[in-house]
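Undergrad: These protein sequences, in sequence, are chains L and Y. Every letter in the first sequence is one number past the one before it in this note's numbering, and letter 416, counting from 1, is 416. Every letter in the second sequence is one number past the one before it in this note's numbering, and letter 73, counting from 1, is 73.
For the record, the hints were derived by calculation from the structure and aren't laboratory data. Where hints are given, some of them may not hold.
[To be verified] Covered stretches of chain Y, as calculated for chain L (at least 3 residues, CB under 8 Å): (1) 72 to 78; (2) 88 to 100; (3) 138 to 146.
[Unchecked claim] Quick list of the computed label-pair ranges, beta carbon to beta carbon: (4) L/386 to Y/141: 27 to 35 Å; (5) Y/17 to L/411: 21 to 29 Å; (6) Y/78 to L/466: 52 to 60 Å; (7) L/386 to Y/36: 29 to 37 Å; (8) L/350 to Y/116: 55 to 63 Å; (9) L/2 to Y/118: 55 to 63 Å; (10) L/186 to Y/71: 40 to 48 Å; (11) L/189 to Y/35: 17 to 25 Å; (12) Y/65 to L/370: 42 to 50 Å; (13) Y/92 to L/2: 31 to 39 Å; (14) Y/35 to L/134: 45 to 53 Å.
Glycine is no exception: its CB is placed at the ideal position from the N, C-alpha and C atoms.
Listed here are the chains, written in short residue letters.
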Amino acid sequence: MEVLGNLGLGFSVALAQANLLYCFLGVLLGTIIGVLPGLGPVATISILLPFTFGLQPQTALIMLAGIYYGAQYGGSTTAILVNLPGESSSVVTAIDGHQMARRGKAGLALATAALSSFLAGTFATLVLAAAAPSLAEVALQFGPADYFSLMVFGLVAAVILAHGSVVNAIGMILVGMLLGTIGIDVNTSVPRFTFGIPQLGDGIDFAVIAMGIFGIGETVANLERSGAARSYVQAVKNLWPAPQELRAMLAPAWRGTLLGSALGILPGGGPVLASFSAYALEKKVAKKPERFGQGAIEGVAGPEAANNGAAQASFIPLLTLGLPSNAVMALMIGALMMHGLHPGPQLMRDKPELFWGLVASMWLGNLMLVVLNLPLVGFWAKLLTMPYRLLYPAILLICAIGVYSINNSALDVLVASIFGFVGYLLYRLHCEPAPLLLGFILGPLIEENLRRALVISHGNPSVFIERPISCTLLILTAVLVVFLAAPMIRSGRERVFRESGT
Amino acid sequence: MKVRITTDLLTGVLFVALGAFAIIYGSRYALGTASRMGAGYFPLLISCGLLLIGAFLVARALLGGGEALGAIGWRPLILVLAGVLAFGLLIDRLGLLAAGVLLVLAARAADRGFGLFETALLAVGLSLAAAAIFIYGLGLPIKLLRL
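Just chain L, with the same shape it has in the complex (with noise of 0.2 Å):
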């Protein structure tokens, strides 16, 4: 029982006594962050990013997985209490979940989202400690050729899985991957694009981008939308579901979960994807689909188990291929990079400690999210009517010094502010900045592989169709870009889309 050995050496570095601190405290910050209305997991990364510059590797790992279990959390008791879904992954939660508040089921809505999502946690995890070795195994045949045929691959699926057009998300790659082209080439040692600036010669922090964009950009067209709703927070009591209630969540919290696992794994898959096709499921396997939207258990347990197995799964591209399939997974490859560690088969194969170890502090997270949830609620729902004005200047001074943190480098601030008035005018644009931060990230790797590949064919570029599994992930690709211009999925994508109100 390989996986046994491999999950207790993951215990014994996950129940030290400073990465379980952290674990908590990643819950909990992640939680507090999450729960405000508005902010999703990547601003709440975001912003928590500089609670982990100092920390050790694995520990800040293991810190901004907790962050990432309690924003998603956060979002949904949002979702859930007030109908303010803060990210794209609870709105389906906020559409039965509300209505049971409504209806005096606040506490059970709470404790089936909890509860489901613990469920779907335990599952997934036990699928990345099963399935990762044999997935790095095979990753580590990928050559160059294969590696930019992923990266390739999983940029197209991430672009027919965002919101809003298509055209504009192509777009936003290419600016991400332009941006990742700022520094000094490390092939040839010529800066590029830094405008005679020395400090620009390692390349723009992600964590800049991502700050400037998701905490001072998002803050700034929050301001201007001003007037937002006040809404008015239901009490919350009999926390505790009831026999038969447990019954009524537990086949729709499993069936969330499988459908959430297997799509989380797939490139471009994610919490999103995964709580929409849910809902979708319970809908039609449901014996009255029409108490769906009118306080169905189904629907909160459902969606919630997906998000969570798929939020869990996709930790298994990250970590096996080096591959993120979402926005927060490439700022978990960042957060990676920025402790020099670079994600990927070699990854399980040299620091097994630092694998593991994350692979149990996920299962620790999920466990710590139930304890603190359940009996915290009534906090949370407190926080929830914190006034904005209060908050947001915390946000911004919070980012402020973050940026300011990771170099020392008051330069970096100002590139901040810029990238602020970026991710404002993206909002604006009603351009997603999410693939933007992706093509950031995979910009770099794409070049390196591509020229590597070409380097080792002599200029050949028949090098991506001889390779077996090169071929095969772009056969793929040009499936998903058939799949792309069919006009009946394009509509039906937007359909799903339109009513999430996103």
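With the hints as your guide, set chain Y onto chain L.
TA: Structure of chain Y alone, referenced to chain L:
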């Protein structure tokens, strides 16, 4: 023909401008060959892609349709960005407390309903809390106050 400023049009124009700028500015980097790529090869590929995408958006926007760009909220935009800029320019010279107070003041001025006493209290309180967390808690080497 009167051109309506839509979000698509503006996005397209920005993509074209950025792509064109990168092509022109990037022309100083050697292209090399496919087997030995120079520093300019990959940026050129991306910039051309961006230019094409931008041109497509502009063309589509000129054919009509699309959502008009609404009014811009200049006050939050300018004041928030000015606050962050000021923070960046002053942190090395004045230290965290002074730069932090300025940032919070500028940020609060960006919003309507600006109460002087509350804002002053918030600015000092947040800066002290930030100093406590970042300098004492996390041990970051940032100057507290320098006048």
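Undergrad: For each hint, tell me whether it holds in the structure or not.
TA: Now for the hints, and whether the structure bears them out:
With 4 residues having a Cβ less than 8 Å from any Cβ of chain L, the region 72 to 78 of chain Y passes the three-residue criterion, so the hint holds. For the region 88 to 100 of chain Y, the assignment as covered by chain L holds, since 7 residues bring a beta-carbon within under 8 Å of that chain's beta-carbons and 3 suffice. Interface restraint, the region 138 to 146 of chain Y with chain L: holds (5 residues with C-beta to C-beta distance below 8 Å; minimum three). Judged by the Cβ atoms, the range 27 to 35 Å given for residue 386 of chain L and residue 141 of chain Y holds: they are separated by roughly 32 Å.
Between residue 17 of chain Y and residue 411 of chain L the Cβ separation comes to about 24 Å, which falls inside the hinted range of 21 to 29 Å. Here the CB-CB span from residue 78 of chain Y to residue 466 of chain L is close to 56 Å, well matched to the stated 52 to 60 Å. Taking the beta carbon of each, residue 386 of chain L and residue 36 of chain Y are about 58 Å apart, not inside 29 to 37 Å as hinted. Evaluation of the 55 to 63 Å hint for residue 350 of chain L and residue 116 of chain Y yields a pass: the beta carbon distance comes to about 57 Å.
The beta-carbon spacing between residue 2 of chain L and residue 118 of chain Y, approximately 60 Å, falls within the hinted interval of 55 to 63 Å. Range check, residue 186 of chain L to residue 71 of chain Y: about 45 Å between beta-carbon atoms, so the 40 to 48 Å window is met. The hinted range of 17 to 25 Å is satisfied by residue 189 of chain L and residue 35 of chain Y, whose Cβ atoms lie roughly 19 Å apart. A C-beta distance of roughly 49 Å is found between residue 65 of chain Y and residue 370 of chain L, which places it inside the suggested range of 42 to 50 Å.
Restraint check, residue 92 of chain Y to residue 2 of chain L: a C-beta distance of roughly 53 Å breaks the suggested window 31 to 39 Å. Between residue 35 of chain Y and residue 134 of chain L, the C-beta spacing of about 35 Å breaks the proposed range 45 to 53 Å.
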